[in-house]
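K.L.:
Chain by chain, the residues:
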Amino acid sequence: MSKRIDVKDLNVYYSKFLAVEDVNIEIQAKSVTAFIGPSGCGKSTFLRTLNRMHEVIPGGRVEGEVLLDGDNLYESGVDPVTVRSQIGMVFQRPNPFPTMSIRDNVLAGVKLNGKKISKSDAESLVEKSLQGANLWNEVKDRLDKPGSGLSGGQQQRLCIARTIAVKPQVILMDEPCSALDPISTLAIEDLINELKSEFTVVIVTHNMQQAARVSDKTAFFNIAGTGKPGKLIEYAETATIFSNPSVKATEDYVSGRFG
Amino acid sequence: MSAATTNQSNTGQPDTKVPAGNNKAPQPPAPRRRNSLAKGHLPRFAIPGIAAGSLVLGAAASTLTGFSVATMAIYTAIIFVLAASITTTAVEGPRRGKNSLATYLVYGAFLLALVPLASVLFTVLEKGLPGINMHFLFNSMNGVTGAVDNASVENGTPVIGGAYHAVVGTLLITLWSTIISVPVGMLTAIYLVEYGKNGPLARAITFFVDVMTGIPSIVAGLFATALFAVLFGPTARMGIVAAVALSVLMIPTVVRSTEEMLKIVPNELREASYALGVRKWRTITKVVIPTAISGIASGVTLAIARVIGETAPILVTAGLANNINVNVFGNWMATLPTFIYYQIITPTSPTNIDPSIQRAWAAALLLIGMVMVLNLGARLIASLFAPKKGR
Amino acid sequence: MTTNALRRQGSKGQAGDKIFSGAALGAGILILITLFAVAIFLLIQALPTFSANPALITGGEGFVSYIFPIVIGTVIAAGIALLIATPVGIAVALFISHYAPRKLAAGLGYVIDLLAAIPSVIYGAWGYLVLAPALVPAYQWLAENLGFIPIFAGPASQTGKTILTAGIVLAVMVLPIITSLSREIFLQTPKLHEEAALALGATRWEMINMSVLPFARPGIVSAVMLGLGRALGETMAVALVLSTGGLIPSLIKSGNQTIAAEIALNFPEAFGLRLSELIAAGLVLFVITLAVNLIARAIIARHKEFSGAN
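Chains as they are written, first to last, in this note's numbering: chain A, 366 to 624; chain B, 36 to 426; chain C, 8 to 317.
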């Protein structure tokens, strides 16, 4: 249940503005890939092109190809909804649906699409997904309570459970820990390590230690200046990026000299 | 009265309350030091004193011109505001004088505004309550003529005839205008927030919804009449025409409140839903609208409260009926507001207008009751259906 | 690529999206079409008035001399209403936002909203049956003592059903509107500005004058304009309260008329050319209120741009 992603010559635009230029990258199945780089370098924008979420913003469009196990996401006739049900996403701030209980939040992807699901299937899906997100033991007694009553870290794991429940091939995470305290962050990092046995995980992070801790490969994005497009500077094994980068800018960034 | 208390009030120092226990054994307190911060202030009794003086002078002035409570209140207020401000200016300086003048004027304006509003509510209650009874609530004016009213006045029997037909008409016409306005208004708001994205069409719709907000209610009535006159001939007056007229007034309110509510739904929720592979229309109907529903529902309720009391558009669209008509697609129809209007302006019996006036006030009380219930309901909905917080 | 698996998964449910967005778009367009169509219908119905023989128009001298006095009457009634309601409304708003105890203030704000919701026919009935008789002595006093001023020229109306009474009833009706809009603006005054003024040793009035009123001025203007729009278009209060007649300068005699009341009083029996006249009068009223509302909104919009920086 996991697929690889290959990106070929990808340019990302907002209307006329070129936000990210000429990205080529291969993301392995069942691995954790981290995107690092200074603010505004386009790493989040690029991440959002991997499941066509950037189209939600008016004027967002791309040139080039994104292949999920060889299938182009952007081929005409491909429904973005199909893409998103295969490539899930977890956001910067935990965003459980405020009108739904914890159980309904987990089932949201199934129920909102109007799919029929039997009660026992639903129960086992909820349990499996919450266990997959290391949240089951904390919430199993209050599945009917609103999701917004959980702590920030629990809410974020609820959002991950919600994403897992759709059974995607790939999970994209956009700075999933930036709104969390250190203990919750640790819980999410542990979870990411477990998730890669089943899913392809791509994570954008501001925190270089986090990238070093959780990822197998790391991609460094940079921007030449305000108004210029972001670019993929270097992509290699995480150990290489942090100990022996081949590009000067990467070395400056990971050693803390800028950014 | 001891010397100490006199001294205290002379300094204008706010009295610090002596604990009750100390009252029994009063000790001669040491002469209090004058607080330099309290220097140059009016003593505490000054303002109540001026008020009492103004009341006496006001009563006197009112007696000179033929005593009445209204003139006494007016004279007293004028004398008090002038005297109190001038005294403050003299003792505490012009800046504080101006400040107290402004304070008295603001309080005065508030009291002045209360008078007519309280009078309206009091009148409706006082004159409306005697007319409210089962007979009034469940009977129409069918067959009630001037002779009937004359008889009940001459014989001192209860007033015959009620507002049942008007209540039915009001409810039906309001129901139909809600049926028209809510889907159109909500879908338009959804277009503006979720699809239009400030494009030229969305801006045009926003502009024309603004235009609709400012339409006088009588013009809305003419709109509907003109529309149906072209479709069904010039004498088409029936409930549905009134419902269309009220919709013209209601739609902009529904669009505005729905739009505001949809806008405060955080974008993150929409993104979360999209990222789960949920379609846009399902995201809107299952995530966005449920999150905003309390605000939307209370906005719709307020819109209903607004149109339920509209009179002018009904006058020109639904005519007036004395009998019960439950068919909004045929024949004239009465509503509470037009019922009130016609009972006052053309009493059923021109020689004995009291029964008509009594029916009018009873209907007014009924109408105000409906509006208040809707307003309170809107509040209740807003708090009951708000997204739940807490564990 | 013909074997794209994503594509083979199909696009089940896309129809739902299309139907829903189509319905939303349709509702928006329906509003535009309705307004457009109805404006056309109104024009068609009003047209005979402009092409008819002027002698056949009510008054016998054509539409302009028919409508002119009523427009002036409308403006006078609305003018009186604003003259009374603006200072009182602003003061009441200040009372609620800056003078009243906090607990009282929240309740008062709600009461004001409730009062704004009272149907106009009830205000009209109150004006007709309570206020007008109560004002008769005051009008007599005015006629006796200030009768040399044309607007108070006697003899005063014996029923109190005059344009001044109508103006006062309108003032009572627009007061809650002006108050609730101004109150919202007053509450938005940046707390820092207020505290800065108080810290400089300003009295409460000086603080309001220095920080609250300048900040709120555009908001007050637009609140008053919206109140004016309401007063101009208000029908029932005037139809019930005013004993109508030709245009006269005295405010305390029977006479004068407003557009909205003219339509309401005459429409039920109108047909043919008279109907066209009334519809044309409605168009005139619509144009006037539209202009007032657009100016108010323009002021609000400009204000928004400025306050966006805060």
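Please note that a few of the clues may not be correct.
What the hints assert, rightly or not - With a cut-off of at most 30 Å between alpha-carbon atoms, the simulated DSSO-like pairs for lysine-lysine come out as follows:
no.	chain 1	residue 1	chain 2	residue 2
1	C	Lys25	B	Lys298
2	B	Lys315	A	Lys368
3	A	Lys493	A	Lys505
4	B	Lys315	A	Lys484
5	B	Lys133	A	Lys593
6	B	Lys315	A	Lys381
Think of the hints as simulated: they come from the structure by calculation, not from any bench.
K.L.:
Hint by hint, note whether the structure agrees.
P.N.:
Verification of the supplied hints:
1. C:Lys25 to B:Lys298: holds, 22 Å
2. B:Lys315 to A:Lys368: holds, 26 Å
3. A:Lys493 to A:Lys505: Within the cut-off at roughly 11 Å; holds.
4. B:Lys315 to A:Lys484: holds, 26 Å
5. B:Lys133 to A:Lys593: violated, 60 Å
6. B:Lys315 to A:Lys381: holds, 25 Å
Hint 5 from the earlier list is the only one contradicted by this structure; the remaining hints agree with it.
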